[in-house]
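Heads up: the protein sequence lines correspond to chains A and B, in order.
Under this note's numbering, read the first sequence as residues 26 to 446, first letter to last.
Under this note's numbering, read the second sequence as residues 26 to 446, first letter to last.
Please note that a few of the clues may not be correct.
Remember, identical chains collapse to one label, so a pair may be satisfied in a single copy or spanning two.
What the hints assert, rightly or not - As a list, the in silico EDC-like pairs of lysine to aspartate or glutamate whose alpha-carbon atoms are at most 16 Å apart:
| id | residue 1 | residue 2 |
| --- | --- | --- |
| 1 | K87 | E368 |
| 2 | K89 | E368 |
| 3 | K89 | D375 |
Think of the hints as simulated: they come from the structure by calculation, not from any bench.
Number of protein chains: 2
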Amino acid sequence: MALEKNTNIVMEKSNQALNYEIKKIDGVKLATTCAGLKKKKRDDLLLIFFPKNSTVSAVFTKNKLAAAPVLIAKKNLLSKKKSCAIIVNSSIANAGTGKKGLEDVIFYTSYLAKKINCDAEQILPFSTGVIMEYLPIKKMVSGINCLVKELSYTSWDNASKAIMTTDTKNKVVKKRVIIDGIELKIIGIAKGSGMIAPNMATMLSFVFTNALISKKLQNIIINDSVNKSFNNISVDGDTSTNDSYVLISTPSDKSLQIKNKDDKNFHIFRQLVIDISKKLARKIVDDGEGATKLLKLIISGVENKKHCKIIASKICNSLLVKTALNASDPNIGRIYSALGSSELSFIKKDNFILKVNDLVIWDKGKIGSSYSEKKGQYEFKKKNIVIKISFINKDSSADTYEFYSCDLSKEYVEINSNYRT
Amino acid sequence: MALEKNTNIVMEKSNQALNYEIKKIDGVKLATTCAGLKKKKRDDLLLIFFPKNSTVSAVFTKNKLAAAPVLIAKKNLLSKKKSCAIIVNSSIANAGTGKKGLEDVIFYTSYLAKKINCDAEQILPFSTGVIMEYLPIKKMVSGINCLVKELSYTSWDNASKAIMTTDTKNKVVKKRVIIDGIELKIIGIAKGSGMIAPNMATMLSFVFTNALISKKLQNIIINDSVNKSFNNISVDGDTSTNDSYVLISTPSDKSLQIKNKDDKNFHIFRQLVIDISKKLARKIVDDGEGATKLLKLIISGVENKKHCKIIASKICNSLLVKTALNASDPNIGRIYSALGSSELSFIKKDNFILKVNDLVIWDKGKIGSSYSEKKGQYEFKKKNIVIKISFINKDSSADTYEFYSCDLSKEYVEINSNYRT
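Bound-form chain A, shown alone (with noise of 0.2 Å):
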C-alpha cells in the first residue's frame, strides 16, 4: 500500500458505541448506474455528492507513475474552490493513458460538473481496473447523465458494489457513537481483493462522517488512521497506481465540533476513523484473490519499525511460506529460512523464539522440545494462522509490530491469469 502518513498519536478508547443500522450522513447523496464499462452488466460507476461546507482529507499511492484520476483528484484537492462531488469508476483504471488519460478525466469531470452546478476543480475523480486501456469516453457520459438523474439516498451497499473489481464481497463498515448526547457517525466503503503483498490490487476507499473539524486536524487524523489500517497490510511498499483514501467530514447543526488535539472529542474520532479503517483493512485481506487463510505476523522486541517490515515483507511474501500455508503444511522451515533471508545483523538463531499459534517452534537455538510434526499440522490446520517471532531485547521499549497476509492458492493463479480475459 504505502499511503503516505505523517503523525503518531497514542490511542484512546471511544466512550459509547451503539451498533444500530445508519444508514445516512445527512447531506451526503449517492447514485450508482451500469455505464457499461465491464463486460459484466453491472454497475460500473458511482457517484457521491456532498455539501461545500464539508472537511476533505485524502491520501494517495506513491506509485510513480500514478494514474491520471489520482494526478486530477490531487491537483483538485490543492484548489481554492471547495470539493463538493466524487466520482468513481471501476473496470478500467485510467493508469498508462499519458496526456490522453488526463484529458478524459478534465472531460467527464468538467461535463458531470455542469450537471450538477459546480466547478471541474470541485470534482474527485478515482479509477480502477485495467491499466493501459484508454476509457470509453461516450460510455462515460450517457453514464454520468444517469447518474444526475438519481442521485438521492441510494445504499452504501450498493454504492460499495459499484466499485469492485476482483473482489468477492463488497465491503462496507457503519457505526456510531453518541458523546455528551450528540451522535458522531461514520461510513466506510472500500474495494480492494489482490494478494495483499507482493502485489495488491488497487486499493480505493471512502470515509464519510458527520463531525465539524477542521482539514488540518482530520489532515493528522487520516495519516495516522492509514498508517494504523491500510500500510499494515502491505509490507514492502507496493502500490498500485491508483490506490487512494479518502476522508469527509460534512457536519451540520447537530454536528460533534472536534476543536483542538487536546479535545476529548479529537481523541474520540481519531479511534473511531482508526477503528473504520482497521476494519475495512481487515476485510480487504480477508478477501485476497483466491485466498484460505489468514496470517498475521506479530514481531516483538525489535526497536526499529523499518527491520519489522523488512522481516514481514520476507516472510508475508515468500512464495515457499504462502504455499505451504494453503497446503495446511508445517514446513516450518520456510519461515525460519525467510526470516534469515532478511539479512539483518542482529537475527541469531539464539535471540528468538517462533511460534505458529501458540506452538513454540523454535526456542531460541533449537527446535521447540514440545514440536512434532503431528502438533504442527494441527496448526497449519486453521484457517487463521498467528506467526509470532518474539526477539529476546531487554529494551523494553522494543514495541510489537502486526502484519496481515494470507496464503497463495492456485485460484490466485487463475483469478490472475484470467482477469482481463
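Chain B: place on chain A using the hints.
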C-alpha cells in the same frame, strides 16, 4: 541469491574452444549413493575427493540463519589444513537444527575423515532439502561407508543427479580450451529450481578446473563470476539457508598456469569460469518450478545498479506480472504499474520506452502508437519474453543490466504445496 562478491574486471574472450566431451579432471574422484534420506529411492549423497594441492574458493549464502554445514564448511575453509573432499546430501538441509545440527556435521565429517585418511577440517560439507529436520545420522554413516568403497571416476551426470531436490533436470556444464597447446578443462554441476525470486530454493554449485592458480587470484574470479551469474538471476537478495558456490582447481604437471592479474591466461580462465557459471545459472532459471516461460528483463539508461535491482525486484517478483505471463495475457499495465511502484523519483511517464520483445508498449508518455491487443497477444504467447525498459538518459555512461525470472503457474503452487508430502 546474494552470494558475496567483491571484484569487477573487464572481460575477454577465450581464444579457442573445443566442444568434445570431457569426462574428468585428473585427480578428482566422485561417488554417489542412496543413503535413504529421500522417500524416493534414488541417490541422495555425493562425495567428491580431490588432491590436497587443489585451490579451493567458495562463496556462501548471506542468510543470517545459515545451515550447520555452511557454518562448518566456512570454518574448515579457514583452517590451515588443505581441503580434500566435499560431501553433499540432498533431502535434508540441516538448517534450523541448532547445536545438534552442528554436532551431526562434526560427527559425519569426522567419520568420513577417518575413512579417507584425512582430518575432519579437510572436508567441506553441504546439504540441501527440508529445513528444521535433523539428519538421520545412522543413514548418513552407512551412506558414507558405501561412498568410500565406490570412490572412483563415476560420471558428473550422476553427481549432479544426487544433489537434486525439486529440480526436474540435472545440471552439468563442461568446456575445454587449448591455450598455447595446453588444455584447460572446466566441469560444473549445480542444483536449484526454485522460483528465482522472491524465493529461491537452495542453489548449490560445484565447479572444477585443472588450472594452476593461487587462492588469491581464484578468489577474485569466483566473486566476479558469481556477481555476473547467480546473483543476476535473483533480484532481491533472497537467499536460502544453504546457498553455496565452490570453485576448485586441481593442477597436474601439464596445467595451464595463471600467474597474475595481468596474465593473458588470467583473463581466459576468468572468462571461462564466468561462462560456465552463467550457463549453470541459466539452467536453474530454465528449470524454475512449474515455469512455462522465461523472462529476461533489460534495463538501460539508469546510472545506479541498485536502482535497477529495485526495479527488477518489483517487476520480476510481481505476482500480477508473473500470472499475466503465465496466461499469455498482454496485461501490459501490470508491468507499467510494477515499474512505478518502485517509487524511484527519476521514473516519470515521459522519460522511458517500454518494450515487450520488439513491440513498443509505452513510448515516452503514451501507449506505443503501433501497439494493439492482437500484437500484444502475439508477443505474450512466446516462450521467451524480453521486457526492455530504456530510460532517456543523456549520460552515456549509464550501463545496461539484465535480470532473469519466470512466470507463476498453478503447477508452482502444486509443487510447493506438496514438496514435503
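Going down the list of hints, with the structure as the test:
1. K87 to E368: Answer is between; shortest inter-copy Cα gap is 6 Å, intra-copy 26 Å.
2. K89 to E368: between (28 Å within a copy, 5 Å between copies)
3. K89 to D375: Answer is between; shortest inter-copy Cα gap is 11 Å, intra-copy 41 Å.
In this structure, every one of the numbered hints holds.
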